[in-house]
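Got chain A; can you put chain B on it based on the hints?
One letter stands for each residue in the lines below.
Number of protein chains: 2
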Amino acid sequence: MKHNFGAGPGILPHEVLKQAAEAVVDLNGIGLSLLEISHRSAEFEAVLDEAVKLVKELLEVPEGYSVLFLQGGASTQFAMVPQNLLPSTGKAAYLDSGVWASKALKEAKYFGEVDVIATSKESNYTYIPKDYTIPTDAAYFHITSNNTIYGTQLHEFPKSPIPMVADMSSDIFSRKFNVADFGLIYAGAQKNMGPAGTTLVIVKDEILGKVDRKIPSMYNYQTQIEGGSMYNTPPVFAIYVSMLTLRWLKSKGGVEAIAQENKAKSKALYTEIDRNPLFKPVCAVEDRSDMNVCFVMENPEHEKPFLKLCDERGIVGVKGHRSVGGFRASIYNALPITSVHALIDVMQEFQEKNK
Amino acid sequence: MKHNFGAGPGILPHEVLKQAAEAVVDLNGIGLSLLEISHRSAEFEAVLDEAVKLVKELLEVPEGYSVLFLQGGASTQFAMVPQNLLPSTGKAAYLDSGVWASKALKEAKYFGEVDVIATSKESNYTYIPKDYTIPTDAAYFHITSNNTIYGTQLHEFPKSPIPMVADMSSDIFSRKFNVADFGLIYAGAQKNMGPAGTTLVIVKDEILGKVDRKIPSMYNYQTQIEGGSMYNTPPVFAIYVSMLTLRWLKSKGGVEAIAQENKAKSKALYTEIDRNPLFKPVCAVEDRSDMNVCFVMENPEHEKPFLKLCDERGIVGVKGHRSVGGFRASIYNALPITSVHALIDVMQEFQEKNK
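Those protein sequences? They're chains A and B, same order as listed.
Counting from 1, position 175 in the first sequence corresponds to residue 175 in the UniProt record's numbering; the numbering is continuous, with no gaps.
Counting from 1, position 141 in the second sequence corresponds to residue 141 in the UniProt record's numbering; the numbering is continuous, with no gaps.
All copies of an identical chain are treated as equivalent in the list; a pair is satisfied when it fits inside any one copy or across any two copies.
Capping the alpha-carbon separation at 20 angstroms, the derived lysine to aspartate or glutamate pairs in DMTMM-like fashion look like this:
#: 1; residue 1: Lys109; residue 2: Asp212
#: 2; residue 1: Lys106; residue 2: Glu226
#: 3; residue 1: Lys250; residue 2: Glu15
#: 4; residue 1: Lys2; residue 2: Asp26
#: 5; residue 1: Lys214; residue 2: Glu113
These are computed hints drawn from the structure, not numbers from a lab.
In isolation and in its complexed conformation, chain A is listed as follows (with noise of 0.2 angstroms):
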C-alpha cells in the first residue's frame, strides 16, 4: 500500500474501492454490472437518492436547499454560477484568494461585471485577503473555501449581506460549516467525496430564477433540480462511488469526527514542518490549510533526494504545484492519520541523514 498524499484526484477509502469494484463486475448480486443498468432503474434510483440523503444529513442541509449531482467539475460551475445568478447588467464580487477563484472570476466576465473585492495575488497567494467590504449591491459573493495550490484556507467564513457562493472543492466534508450561510455550493467530487466525473451543488431554491438571460437546459440549475439530477443520464459510477465514500464518512462519525481527525492530521504535520529546520512553511500561519500542507526546502538541493526518499518509503504525490514549487501533502479525509506519520518519518529520517 502507498501512502497517497495527491492533490486531486485523491485518495479514497479502501472498503470503498472494493465495494465499487464488485459493484462494476455485479451491483448487490443483480447480475448486472452497475455500469450497464438504466439509470432511471429502481437501483440506480436508490443509490442517488441515499446519496442526496447522505450529503444533507452529514451537512446537516436546511429546507429550501436542492442538492444536485452535476457533471462538468467546479471549472463548468465557473460559469454556470454567473450564468444562473448575474444578471447582464449586474455585477458579482470575487474574493481572489488563488489561481482557482482568478479561474472562477474570469468566466463570470462572459455574463456581467466582475468586482474583485480583494486579491493576495501580489504575494502569490501565501494568505487570505481579510480586509474587505462585501458590497451591497453586487448579485452574490464568490469565494474558494481552501486553495489547493497555495495550502491556505478559510477558516472563518465571512458573513454576507448577499448570497454567498463557494468552490469548496478541496474541504467539502472535512470540517463543519452552516449551509445557511450560503446561497450556492458547489464541489468537485475528486477530493473529499468521491472520484473525478461528478460536482455537488447545493442551491438555495429561492436565489434561483432572478436573471433574464435565457439559459440552455443542460446549464439550468431549474432544469436539473426539476430532473433531480437526471434531466439527462448522470454520471453513474461517480454518483455510487460518491454515495459509498458519504456511507463511510458517516459511519467514521460524521463531520465533527473527520474534522477532529483532519485537525490532528495537520497539526502533526505542520509542528514537523516548523521544528525540522531543514522545512519551512510557505503560507500565512492563521490560514494553514487542514487539507493542504504545502513547504518548502530551506536548501533548494535538498528538494529532489527528498523526493527519493519519499518515494523509496511509498509516498507518493507530494510534489507541490509548479506555480509553488517544493511540496504539498493533501491530507483529505480518507487519508489515515499513519500516512502522515509516515511522512513525519521521512522527514525525520531525512534530516539525520542530512546533519
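Frame of chain A, contents of chain B only:
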C-alpha cells in the same frame, strides 16, 4: 448471467467489466486505484492517449479533426454545438427524426434561428424523413443517426453542402461511415462505447472560430482541444472504461467486423418479429435500426405475460419507451448473438403457449 437488452446505459463486454473492476482496486499493479491517481499522471495520460488513438484508428478519422472526451452527455452537446457553430444572426438546419432530435433543436434556439427542414413527428417518428433540401445558407445541418426510442436509423447519410453535425450516441462504432462527411460528431458513451459519464466529440478544426459570440471556457471546443480534453479534471474512470471497450472492439476485428455481427443480430430478430403472428414491428421497414429493435404485440393483453416470461428467462431491459409502448430490444455491440437467440426462443415459447 442476464441477457441485457437495456437501451442505455447499456451492456458492456464482460472482460471490460472485469478489467475495470481490477483497476478500481489497483491500476496495473502500481499500488493505487485508478480512482485516486492524478489525471496528470503518466498512467492516466497513457489511458487518454490510447483512447484517442483507438477512436482515430477504429473510425479512420482523417487529419484535421480533433477527438475529445468531454462531460455532460449528448444533452450538453445540444447546446455546445450551436453555441460554437451558429452565429447569432445565422440559422441552423435540423432534421427532426425523434425526441432527441427535437431536444437538440430546442437548445439551438437559444443561440440563433432554427430551420426544421423535415420531420416525421406526425407519425410518432416511425420513419426517417427523406424528402428535403439542405439549405446552403445555414451554418450547419444536424441529424440524429439512430433514434433509440423509435428504433429507426439513417442507413445512408445525406450528402450535405454545409457542415453536417450528427448525434451518434446510440450507434457510433456499430458500423462503418466516412468521418470526412461530417463537421462534428458527438456521442454519449453509455450505449456503444463505455459507461455513462463521458461524451465523445469528433470535430473538424476548420469549422470552429466562426462565431462572434464569447464562449465560456468549458463550453468552448477550442479550449477543450487546446487542453487535450484536460482543461480541467476529466472523468477518469469513464474514459478508462471507454478505452478498454475500444480495445475490445479492435480485438474483435474493429467496426467492420462488429457491423456484420450487428446485422446478423438485427436480421435474426426482425425475421422472428415478421414471422411470429403474435408480434408486429412499429417502424418503416427501410429505416429499421440495427441497434434498437422496437415491436409491439398484436394483442396488447399479451404484453404483460410476455414481459414476465422474459424476466423468468433472464431477459432484461426489453420494455419499450413510454412514448412507443411495447418492447424495445437494444442490441448494442457488446450484446452477443446468443442473447438474441435467447430472446427469439422466448418469443417462440410464448407463441407455443398462446396458440
